[in-house]
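Going by the working numbering, the first residue of the first sequence is number 13, and it counts up by one from there.
Watch out, some of these pointers could steer you wrong.
The calculated SDA-like cross-link candidates involving lysine to any residue, where the alpha carbons are at most 25 Å apart (straight line), are [unchecked claim]:
1) K306 x L557
2) K223 x T305
3) K500 x E445
4) K534 x T305
If you are wondering where the hints come from, they were derived from the structure by calculation, not from laboratory data.
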Amino acid sequence: MAEINITEQEEKKSLNFIEQKVKSDLAEGKNGGRLQTRFPPEPNGYLHIGHAKAIAMDFGVAQKFGGVCNLRMDDTNPQKEDTEYVEAIERDIKWLGFQWGKVCYASDYFQDLWDFAEWCILQGRAYVDEQTSEEIAAQKGTPTEPGTNSPYRDRPAEESLKLFREMNSGNVEPGKMILRAKIDMASPNMHFRDPIMYRVLNMEHWRTGNKWNAYPMYDFTHGQSDYLEGVTHSICTLEFVPHHELYDLFVTWIKEWRGDKGDIEDNRPRQFEFNKLNLNYTLMSKRNLLILTKEGVVNGWDDPRMPTICGIRRRGYSPQAILNFIDKIGYTTFDALNDIKLMEAACREDLNTRAIRVSAVVNPLKLVIDNYPEGKVEEMTAINNPELRDEEGNTITEGNTHIIHFSRELYIEQEDFMEDGGKKFMRLGPGKEVRLKNGYIIACSDEQDEQGNFKCIEKDENGNIVCVHATYDPDSKSGMPGADRKIKGKTLHWVSCQHSIPCEVRNYECLWTCENPRDAIKQHEKENGVRGIDAMRPFLNPESLTINKNALIEEFAKELPALSYLQFQRIGYYNVDPDSTPEHLIFNKTVGLKDTWQKSGK
RNA sequence: UGGGCUAUGGUGUAAUGGUAGCACAAGACAUUUUGGUCGUCUUAGUCCUGGUUCGAACCCGGGUAGCCCAACCA
13 MAEINITEQE EKKSLNFIEQ KVKSDLAEGK NGGRLQTRFP PEPNGYLHIG
63 HAKAIAMDFG VAQKFGGVCN LRMDDTNPQK EDTEYVEAIE RDIKWLGFQW
113 GKVCYASDYF QDLWDFAEWC ILQGRAYVDE QTSEEIAAQK GTPTEPGTNS
163 PYRDRPAEES LKLFREMNSG NVEPGKMILR AKIDMASPNM HFRDPIMYRV
213 LNMEHWRTGN KWNAYPMYDF THGQSDYLEG VTHSICTLEF VPHHELYDLF
263 VTWIKEWRGD KGDIEDNRPR QFEFNKLNLN YTLMSKRNLL ILTKEGVVNG
313 WDDPRMPTIC GIRRRGYSPQ AILNFIDKIG YTTFDALNDI KLMEAACRED
363 LNTRAIRVSA VVNPLKLVID NYPEGKVEEM TAINNPELRD EEGNTITEGN
413 THIIHFSREL YIEQEDFMED GGKKFMRLGP GKEVRLKNGY IIACSDEQDE
463 QGNFKCIEKD ENGNIVCVHA TYDPDSKSGM PGADRKIKGK TLHWVSCQHS
513 IPCEVRNYEC LWTCENPRDA IKQHEKENGV RGIDAMRPFL NPESLTINKN
563 ALIEEFAKEL PALSYLQFQR IGYYNVDPDS TPEHLIFNKT VGLKDTWQKS
613 GK
């Protein structure tokens, strides 16, 4: 009996409909009380956030109810699959924090499937069809009209068997013969109209080499693999609902072939379907993602704009952020379109607890503290993460700080100074007082010269502000009693001119300008007869990547390892790009901070 | 137009015949050395229609709308 180890907290939360089903199956002792699932990716591309939802389900439910989940590569089509993807898939699953029982391959079962197929032929349940694919398609009928039987449908089993073996000899041209299951050409379920079991490919398989020339189709592989592997709950997405009946049929056949004893209802895999993940402003299909990489729209599968796991990782999401998001949207049978904002919110929530706060100025404006001694440098203490708290809820400081240097000449954000910001502008300007984070309280004078120009502002010939001057209150140093006084202005972030490092900041927005790019592309393809990248172009966001090379960051950030979670204080969450070096620092913007000021329209 | 599936605030989800709740989003207030975080409050929902029932988001009938199925892909 599988051990059910749900924590109290989890038990309070309601189980989703699949977990409930698993729980009751275990309670009823189905499959001997065993729980086994599988995550079955086709190794023909990189895993994306939609797969993460499936992974969280397949591995999660096994984990939650004391079962095991295998990783099974669904490698029945050597035309599209590659070992490159296998490694990436394994890496991404591990990164998400899941462990498989074992790694399996559909190709592990090729021999069994072949023998089973021969048995089906001898049983009169399968036949070799020698028609062209066009002829077969024409006979298939339509959803509203029944199909017609193939002229080869009732050929002798011995003949089919002989031809089937020929199909694997390498001497049969692809397309000349297929093996079909003899079911019902009039079935309202299109999958029952004599589905194809085997086709000739005459291709080397990256795993089985030249052993096979004919390969089984998905429908003739999946349920049988589940059965042979001992899977009890075969969980997949909703588009496989129409396959469910066929899955069940082949499972009963294979049990018969194997001669396994016992009631079929008591020991067999069962398929369960949940809604797959749709995100607005996001394109998920592997086929289209491949086009984006090939056409150079993005810089590879791990481009931070990609919805791939590796792209999202490089963007700066933590595994927990992704898992929390998936947990929030849940599993149902409703075809939902999720708002990307929900994912961003889950990301902020998680990164808030783990990101190291640093000071970075992305659009620098020089600030001179006129009354601060020239050449003087002070070491200020900055908290790494204020959300790191002890039991009483106080921020832990021990080992949670770093040094930031303060001097006479600083950079602040251009946005943080306005000559005439108005009453609601709580930042710096003539006659305004603000606090510099971890530093001093400073103020700009509102003195004007004879022409009515503010003395604290230096402008270039075009009237752009190039430098501002302020004075500091020497008693207001952070941590000193004089720092306690309340001021009207906000607290600004800053870096010291002398102690900051130039860095490259890459800002990302959605790749798409429309909520549902998949449908938009499809429609555009249809209306204008264009395909591939040309059908996508009108919907691509030209500003999905903007690179800022003028940013400055405090020295502390120089040696942080790749993929470190950072918060540029008051701006957003950022991540150290894997290509970043101490000589050329690169940061990727993960997601901005919530900004109620900007939203209010200023 | 055949078959299958689905419909709960703007979005996602819970309530499994018995008080329509939660999260995000939006708005307001408070707090703040991040206009962040945390906290308090507000706005807003059972697709339509008939039935069964003491009682229906839930069960049944009929509409309507959306999704999936006619690959030698998975």
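* Check each numbered hint against the structure and report the violated ones by number, ascending. => 2
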